[in-house]
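Undergrad: What follows is each chain in one-letter form.
Protein chains: 2
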Amino acid sequence: MLSRASGRCLLHQGRRYVYAASLSTQTGQKVITLDNMNPQVKKMEYAVRGPLVIRATAIEKELEAGIEKPFKTVTKANIGDAHAMGQKPITFLRQVLSLCSMPSLLEDSSFPEDAKERARGVLAGCKGTSLGSYSDSPGIEIIRRHVADYIQQRDGQPSSWEDIILCAGASEGIRSIMKLMVQHENGIRPGVMIPIPQYPLYSASIDEYDLHQIGYYLEESTNWGLDMAELERAYTEAKKVCHPKALVVINPGNPTGNVLPRENIEAVIKFAHERKLFLFADEVYQDNIYADGCVFHSFKKVMKELGEPYCHMEMASFMSCSKGYMGECGLRGGYAEVINLDPDVKAMYLKSISAKLCPTTLGQAAMECVVNPPRKGDPSYDQFISEKSAVLSSLAQRAKMVVETFNSVPGMSCNTVQGAMYAFPQIHLPPKAIEAAKAAGQLPDVFYAFQLLENTGICIVPGSGFGQRPGTYHFRTTILPQPEMLSTMLEKFREFHTSFVKRYQ
Amino acid sequence: MLSRASGRCLLHQGRRYVYAASLSTQTGQKVITLDNMNPQVKKMEYAVRGPLVIRATAIEKELEAGIEKPFKTVTKANIGDAHAMGQKPITFLRQVLSLCSMPSLLEDSSFPEDAKERARGVLAGCKGTSLGSYSDSPGIEIIRRHVADYIQQRDGQPSSWEDIILCAGASEGIRSIMKLMVQHENGIRPGVMIPIPQYPLYSASIDEYDLHQIGYYLEESTNWGLDMAELERAYTEAKKVCHPKALVVINPGNPTGNVLPRENIEAVIKFAHERKLFLFADEVYQDNIYADGCVFHSFKKVMKELGEPYCHMEMASFMSCSKGYMGECGLRGGYAEVINLDPDVKAMYLKSISAKLCPTTLGQAAMECVVNPPRKGDPSYDQFISEKSAVLSSLAQRAKMVVETFNSVPGMSCNTVQGAMYAFPQIHLPPKAIEAAKAAGQLPDVFYAFQLLENTGICIVPGSGFGQRPGTYHFRTTILPQPEMLSTMLEKFREFHTSFVKRYQ
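Protein chains in written order, with UniProt numbering: chain A, 1 to 505; chain B, 1 to 505.
Don't read these hints as lab results, they were simulated from the structure.
Note that the coordinates shown come from a computational prediction; the quantities given were computed from them, not determined experimentally.
Each hint should be verified, as a subset may be incorrect.
Claimed, not checked - Covered stretches of chain B (in silico footprint by chain A; criterion: 3 or more residues with CB under 8 Å from a CB of chain A, positions within the stretch not fixed): (1) 176-182; (2) 351-360.
Stated by the list, open to error - When the alpha-carbon atoms are kept at most 27 Å apart in a straight line, the in silico DSS-like pairs for lysine-lysine are as follows: (3) B:K43 <-> A:K43; (4) A:K492 <-> B:K127; (5) A:K88 <-> B:K127; (6) B:K179 <-> A:K43; (7) B:K43 <-> A:K42; (8) B:K116 <-> B:K127; (9) B:K432 <-> B:K69; (10) B:K304 <-> B:K276; (11) A:K179 <-> B:K43; (12) A:K116 <-> B:K116.
Claimed, not checked - Now the stretches of chain B that chain A is said to cover, found in silico as 3 or more residues with beta-carbon under 8 Å: (13) 101-111; (14) 125-137.
Note that beta-carbon positions come from the ideal geometry of N, C-alpha and C, so glycine has one too.
Model the full structure from these sequences, guided by the hints.
TA: Encoded structure:
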């Protein structure tokens, strides 16, 4: 799409790309031009849907049109999109959506009673008992209450439904909170600390809002550990050029797949408290924990358990129905738990989301199923548990399979995928490959990814889209293709990497 | 919600309100405070969900708690939310949503074949044939193609599917385009011309993006006509302080209910062309035309029919599944047709929406039903037409009923509601009422609206939330309560207004 609309799409400098104007452009006559448009929009980038993905989609169309390639299908391992990769929806969740959409089905005896009860509850919370009415801007009250119950159950710590803001996916929630911080003082921008590598929603939003990005490196040698000395270094350096205001932690990690140990979370909270940083806890992969000995600890729980003075810190934690065992990306359901906001700021926050009216009610209904699933003894319980476990155990197997394969390929090394849905292996590229990339006007990892795509049909995202230590090269792949497809993909990967390295030896 | 979170909520200056800090605030210790937060977020307002609505919701809770009031229920005539007011969903649309959510229902013989066909088409367009997968950021291709077909059919002018951007309601589309224009040159802001009265999404977004609002008054004496001399006046005055960049037209009008005649649209297009303005055509009420002799003309159609040089103008037109006969506000479905963009700018636009991943797939499926409804001969056709006509003809009756009643009350006058879903009557307030408002620290129309709410339970939005000529007072009410409820509401209104005027005579 992008490349068609913009003519040719040139990559250069890795993170930055320019679009060559198509011949028909009459820039001088347009109201909005590249020169006068919003510079922050120009600057922002989102690698997960960047030029590689555009090319992958074009290749799919070429294959459809019968053009011969060394492969028959494109494997989109670029995005955490489980259903696109063949994962089946959770039956209970879809039954509830179906019942909510068409309440006459509540009379249908083939639907289980617990799904009906859930649908009745959601509909009773809707104005006019219809999902077609606007909800309150922070969401349907009964669902917000159930989210709070879920969190309370998870953490053993109180949660207030008035702190729960339902949103159209976690991204919307993250952006709406980040937006609150935008105020330059004497030209000095607020700074937001983000891990490197990071999920590019953060860098894109930071650019769009003209904030200052403070990257702290995760430590590859300790399985992408969050090192406190590195956090301190990043903060101290950034303090010279911006006002550090917030700290983002992604746990389990995207793209890194690490799971933070509790002591680490405690240290991060203390660090943020001492430096007066607002905490963003991106916890959308909280159900995706695979490695032995790894446990998910929410930042909220740890902060509350630390007691005074930490328990009063401002924090927002995010959850989504797109990940976990649900994988319902298209439904756009999510929530933010926003705690300890100044009440006046909270009022402004609620006002700011009111102009967007409300998050999709069907996405809210999906979140209801996530936080209020069938309980033991309910008619749907057995099927629900069996579907949920099947997804999660298969993901755990695939996480292992990916890591083992990559580590068995000479010139590649991959940390354990403890959680989330991605591996972020390092690739060791021969100097001649780096030169070839330079000659092609591409960053080495981008060059590698394009070569991989054109030769195997596998679409991954180069490490430069997430950030990496200078001189190192990585890529992110999801672990989401179904086992057989994944196995084929990994074999192709091995062949490609081996011949790529050989070619540039 | 807002008032609980923020302590007491004080109204002053009409459009601006401040929140009194609650006692528990420890502003000095918070990371985000009223002083250091985003000033644009502080400034923006959205009256349709403002303090009156917050009070109305509080009153509902008081009634539930058994507190005695002069009324038994609150009537929320503040927002265009048809289902909340008792309108029933269109069966076909909900069948399609239900089938998409639970494809096993495709085997159920009680669903009509055309609904199944639509669901199969949508699912075939989804990755992994699941609505749970992300769509492309501008939407599912097959639905974009159907939107283009619908527009082509409507206008008799070509429409390209690549110009169609599906979005989570029209609001999101409007904001995403407006955002492109944000670039201050030497401290001078781009200006956006909007009608006064206007739908406050525009003023809120203009404030949030720090653009300059250029209001042009609609002419109440000619049924809220769009007067070209007034457009010229507003432009000329604004040119001194900003760079006018865009012109917003809402047709049919919100809150004014006017429908623009074709000559008027032609004149507006020529005006925008001469002054190099980007056109925003807010056409979400295109199905809601009631008055004899009124016809909906899309800006796109008129622009294309005008031929050179107008047919190359940059324009975005917006549509939604929230209004029309569907009233599916909660589903968040909508589209923008964005034409004649500079291709490089379009590429940037597509990039900018990619970080938001995609609009809700179920909202997209709802739009599919709107643009691709049952055709003559299809099994659902008769029921569909009967439901659609029933809604539209009842709305036409209610539009008449509202206007006739208001015009029969001394001290009120109301223009014909030619289209959309609202009346915007003028109220003539006695000087003593204006003094009483002043003493209460409220604008006169806000004072009136609060008195109405507390005495009758009717919630409307004061004219100051939309803008009005200085010294005039209005309010917006929807025409959406079902006929019996509307009739009761209008009788209460008459009694209230009469006694209000008497009291302050």
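Undergrad: Taking the hints in turn, state whether each one holds.
TA: Results for each hint:
Evaluation of the coverage hint for the stretch 176-182 of chain B: fulfilled, as 4 residues show C-beta separations to chain A shorter than 8 Å, against a requirement of three. Using a Cβ-Cβ cut-off of 8 Å, 9 residues of the stretch 351-360 of chain B lie near chain A, which meets the minimum of three, so the contact claim holds. With a C-alpha separation of about 26 Å, the suggested pair K43 (chain B) and K43 (chain A) falls inside the 27 Å cut-off, and the hint holds. Between K492 (chain A) and K127 (chain B) the alpha-carbon distance is near 22 Å, which keeps this suggested pair within the 27 Å criterion.
Of the pairs offered as hints, the one joining K88 (chain A) and K127 (chain B) holds, with about 12 Å between alpha carbons and a cut-off of 27 Å not exceeded. The hinted pair formed by K179 (chain B) and K43 (chain A) meets the criterion: a straight-line CA distance of about 14 Å does not exceed 27 Å. Taking the CA atoms of K43 (chain B) and K42 (chain A), the gap is near 26 Å; set against the 27 Å cutoff, the hint holds. Among the hinted pairs, K116 (chain B) with K127 (chain B) is consistent with the structure: their alpha-carbon atoms are about 18 Å apart, no more than 27 Å.
A threshold of 27 Å between alpha carbons decides the hint, and for K432 (chain B) with K69 (chain B) the separation of about 26 Å falls inside it, so the pair holds. Distance restraint check for K304 (chain B) and K276 (chain B): the Cα-Cα separation of roughly 17 Å lies within the 27 Å cut-off, and the hinted pair is therefore satisfied. For the proposed pair K179 (chain A) and K43 (chain B), the alpha carbon gap of about 14 Å is at most 27 Å, so the pair holds. Between the alpha carbons of K116 (chain A) and K116 (chain B) the distance comes to roughly 23 Å, so the proposed pair stays at or under 27 Å and holds.
Only when three residues or more bring their CB closer than 8 Å to a CB of chain A does the claim for the stretch 101-111 of chain B stand; here the count is 3, and the claim holds. Figure legend: the stretch 125-137 of chain B, annotated as covered by chain A; annotation consistent (11 residues with Cβ-Cβ distances under 8 Å, at least 3 required).
Taken one by one, the earlier hints all hold for this structure without exception.
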